[in-house]
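2 protein chains.
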Amino acid sequence: MPTPVPTVLVLDAEPLPRLGRLTGRARIVHTDAAGLAERLPSADVLLVWDFTSHAVREAWPGVGPRPRWVHTASAGVDHLMCPSLAASGTVVTNARGIFEQPVAEYVAALVLAIAKDLPRTLDLQRERTWRHRETRRLAGTRACVVGSGPIGRTIARTLKALDVTTALVGRVPRTGIHGPGDLDRLMSRADWVIAAAPLTEQTRGMFDIRCFGVMQPSAHFINVGRGPLVVEEALAEALAKRWIAGAALDVFVEEPLAPGSPLWRVPGLIVCPPQSGGTGGGRAENGVQFVEMFERWAAGRPLVNVVDKQRGYVPGR
Amino acid sequence: MPTPVPTVLVLDAEPLPRLGRLTGRARIVHTDAAGLAERLPSADVLLVWDFTSHAVREAWPGVGPRPRWVHTASAGVDHLMCPSLAASGTVVTNARGIFEQPVAEYVAALVLAIAKDLPRTLDLQRERTWRHRETRRLAGTRACVVGSGPIGRTIARTLKALDVTTALVGRVPRTGIHGPGDLDRLMSRADWVIAAAPLTEQTRGMFDIRCFGVMQPSAHFINVGRGPLVVEEALAEALAKRWIAGAALDVFVEEPLAPGSPLWRVPGLIVCPPQSGGTGGGRAENGVQFVEMFERWAAGRPLVNVVDKQRGYVPGR
Numbered sequence: 032m033p034t035p036v037p038t039v040l041v042l043d044a045e046p047l048p049r050l051g052r053l054t055g056r057a058r059i060v061h062t063d064a065a066g067l068a069e070r071l072p073s074a075d076v077l078l079v080w081d082f083t084s085h086a087v088r089e090a091w092p093g094v095g096p097r098p099r100w101v102h103t104a105s106a107g108v109d110h111l112m113c114p115s116l117a118a119s120g121t122v123v124t125n126a127r128g129i130f131e132q133p134v135a136e137y138v139a140a141l142v143l144a145i146a147k148d149l150p151r152t153l154d155l156q157r158e159r160t161w162r163h164r165e166t167r168r169l170a171g172t173r174a175c176v177v178g179s180g181p182i183g184r185t186i187a188r189t190l191k192a193l194d195v196t197t198a199l200v201g202r203v204p205r206t207g208i209h210g211p212g213d214l215d216r217l218m219s220r221a222d223w224v225i226a227a228a229p230l231t232e233q234t235r236g237m238f239d240i241r242c243f244g245v246m247q248p249s250a251h252f253i254n255v256g257r258g259p260l261v262v263e264e265a266l267a268e269a270l271a272k273r274w275i276a277g278a279a280l281d282v283f284v285e286e287p288l289a290p291g292s293p294l295w296r297v298p299g300l301i302v303c304p305p306q307s308g309g310t311g312g313g314r315a316e317n318g319v320q321f322v323e324m325f326e327r328w329a330a331g332r333p334l335v336n337v338v339d340k341q342r343g344y345v346p347g348r
Numbered sequence: 032m033p034t035p036v037p038t039v040l041v042l043d044a045e046p047l048p049r050l051g052r053l054t055g056r057a058r059i060v061h062t063d064a065a066g067l068a069e070r071l072p073s074a075d076v077l078l079v080w081d082f083t084s085h086a087v088r089e090a091w092p093g094v095g096p097r098p099r100w101v102h103t104a105s106a107g108v109d110h111l112m113c114p115s116l117a118a119s120g121t122v123v124t125n126a127r128g129i130f131e132q133p134v135a136e137y138v139a140a141l142v143l144a145i146a147k148d149l150p151r152t153l154d155l156q157r158e159r160t161w162r163h164r165e166t167r168r169l170a171g172t173r174a175c176v177v178g179s180g181p182i183g184r185t186i187a188r189t190l191k192a193l194d195v196t197t198a199l200v201g202r203v204p205r206t207g208i209h210g211p212g213d214l215d216r217l218m219s220r221a222d223w224v225i226a227a228a229p230l231t232e233q234t235r236g237m238f239d240i241r242c243f244g245v246m247q248p249s250a251h252f253i254n255v256g257r258g259p260l261v262v263e264e265a266l267a268e269a270l271a272k273r274w275i276a277g278a279a280l281d282v283f284v285e286e287p288l289a290p291g292s293p294l295w296r297v298p299g300l301i302v303c304p305p306q307s308g309g310t311g312g313g314r315a316e317n318g319v320q321f322v323e324m325f326e327r328w329a330a331g332r333p334l335v336n337v338v339d340k341q342r343g344y345v346p347g348r
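Chains as they are written, first to last, in the numbering used here: chain A, 32 to 348; chain B, 32 to 348.
Bound-form chain A, shown alone (with noise of 0.2 Å):
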């Protein structure tokens, strides 16, 4: 008798580059949010793309049982996480290794264009205005990274590729990382802010206005971690007094932004639809990571980028 073929279902609503490797090796089915809690009792493994939904911390609790892996092409895995599924034997893995150098990549394009003040040159070709303008160098300047997993270190040696003194800060102090204590001190001196944590109960509403208030006047803050790790009005009650010079975000605490949010129109704030990780190649490397875990978890080797459930993160090195 042959083993079973195991059941992947996949939460996403465009079709996935590169799992067509898997066939005859999985049964492949696809799944809307809607359709997830009647879904899930049948599936071996879940995988998640649609990582911008919430499908799967609402249809966890329900009945029956549930996959023994659960695999979201994303860093963060707080979009997923629930008291129910922290609780079970379900093994959750991210996708880690995917994301690190585009991430680093869009913090250099938005440091660099705002060094070089970049949305102003384009303002002025529109206005066919001639103007030169002085800028900043960004070689000297200082960043404070807060995040000290793959993605922050990442940002980190890119910056100082770009001789931009720059300290990482993570939740406890280790060799080049400094602890939340040296945080204020870093925040103060720094010319660039860059939230790169992921999102935890130590970690929501961490950037606010107390926050703010320690930065330069001529200071940027940067998100590319998760939306609710800054407490948004406060962001736009600094940038409208000047508390610090200018701002960009690349998540938000509800999204999408709506038409209507004020934060389409905060002076000196660049809004990003979440594209820092999103390259070219972004699905692809993803199908293909994907693949290859489920190699190995059909082999029955252990997983890598396992999360810690009550942490909300892949811990270590």
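Hint data in this document are derived by calculation from the structure and do not stem from the laboratory. Glycine residues also receive a C-beta, built at the ideal position from the N, C-alpha and C atoms. Among the hints, a few may not be true.
Unchecked claim - Covered stretches of chain B (in silico footprint by chain A; criterion: 3 or more residues with CB under 8 Å from a CB of chain A, positions within the stretch not fixed):
hint	stretch
1	47-57
2	133-146
3	162-174
4	279-290
5	320-327
Unchecked claim - Once the Cα atoms are required to be at most 20 Å apart in a straight line, the calculated SDA-like pairs of lysine to any residue come out as:
hint	chain 1	residue 1	chain 2	residue 2
6	A	Lys191	A	Glu165
7	B	Lys191	A	Gly171
8	B	Lys191	A	Asp194
Could you slot chain B onto chain A? The hints should help.
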């Protein structure tokens, strides 16, 4: 009898930082372009700050003694070189060392902004439109930097730090630098072609329609060298016909670019009023550099950054 205090004639419209340090050691006389010819005969040194002006080239061939030393606060010297200056005993020096890093950062800013589609992000924000887009990964793309002087080499180093595979092309091949014979092959494979060459008889108009035809349809062209390196009509045509994907010009054949120039509105072209070298500290750094060079000159020590007046740039290294 005290040594006579030399006269430093300064061609610039704006007040200058740091020249006050020469008080008592030099007589500083300011002039605009119109007064230059009249004042040249009484000047020992000419300091050209307004390097967008052709006033030197126009005034030099006139009557009377000429300064023994001309320093320009720019990397290029094409704006002041003329046959009579080239044939004279006057030493010409430039601002080598000041512009390398700001220009390289500016190129990195443009390359990253294009890869991450930042101009479109700003457009979408203006329209309050939330749209996820896949963008390009910069790491692993290929650049061809044309011009192997200090600026070209610093651009290459900066792009390499961002994991861009970068080739440098110079007038003569040497270690780590390709010769002109490799240019077509390198351009045909490049994602980014960056012009950073001096303007000489050999380089004038080198980026012509043939050249844009060699590039990939996905390639972008960036000019931070001198405007006349590029046949602007050919670039506009190549963009209109989608022979290349986009371009950014920091310098132009005619500057300032007239409000009626069609270049303001060429699709895919970013127009940057010349500022790649401009940084907050730029003018002060130029002032410090001139003061140091003046001290060498006054002490009879050899000058640095001496331009080969036949070639039109500082040779070497």
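Verification of the supplied hints:
1. Against chain A, the stretch 47-57 of chain B contributes 0 residues with a C-beta closer than 8 Å to a partner C-beta. That does not satisfy the three-residue criterion, and the hint is violated.
2. For the stretch 133-146 of chain B, the proposed coverage by chain A is satisfied: 9 residues have a C-beta within less than 8 Å of a C-beta in that chain, meeting the threshold of three.
3. Residues of the stretch 162-174 of chain B lying with their CB closer than 8 Å to a CB of chain A number 9, which satisfies the three-residue condition for coverage.
4. Given a C-beta distance limit of less than 8 Å, the hint that chain A covers the stretch 279-290 of chain B holds, as 4 residues qualify and 3 suffice.
5. By the rule of at least three residues with a Cβ nearer than 8 Å to a Cβ of chain A, the coverage given for the stretch 320-327 of chain B is violated, with 0 such residues.
6. Using a Cα cut-off of 20 Å, the hinted pair lysine 191 (chain A) and glutamate 165 (chain A) is violated, with the two alpha carbons roughly 23 Å apart.
7. Restraint check for lysine 191 (chain B) and glycine 171 (chain A): satisfied, since their Cα atoms lie roughly 19 Å apart, inside the 20 Å limit.
8. Between lysine 191 (chain B) and aspartate 194 (chain A), the direct Cα distance comes to roughly 13 Å. Compliance with the 20 Å bound is thereby established for this hinted pair.
Comparing the model with each numbered hint stated earlier shows that hints 1, 5, 6 do not hold.
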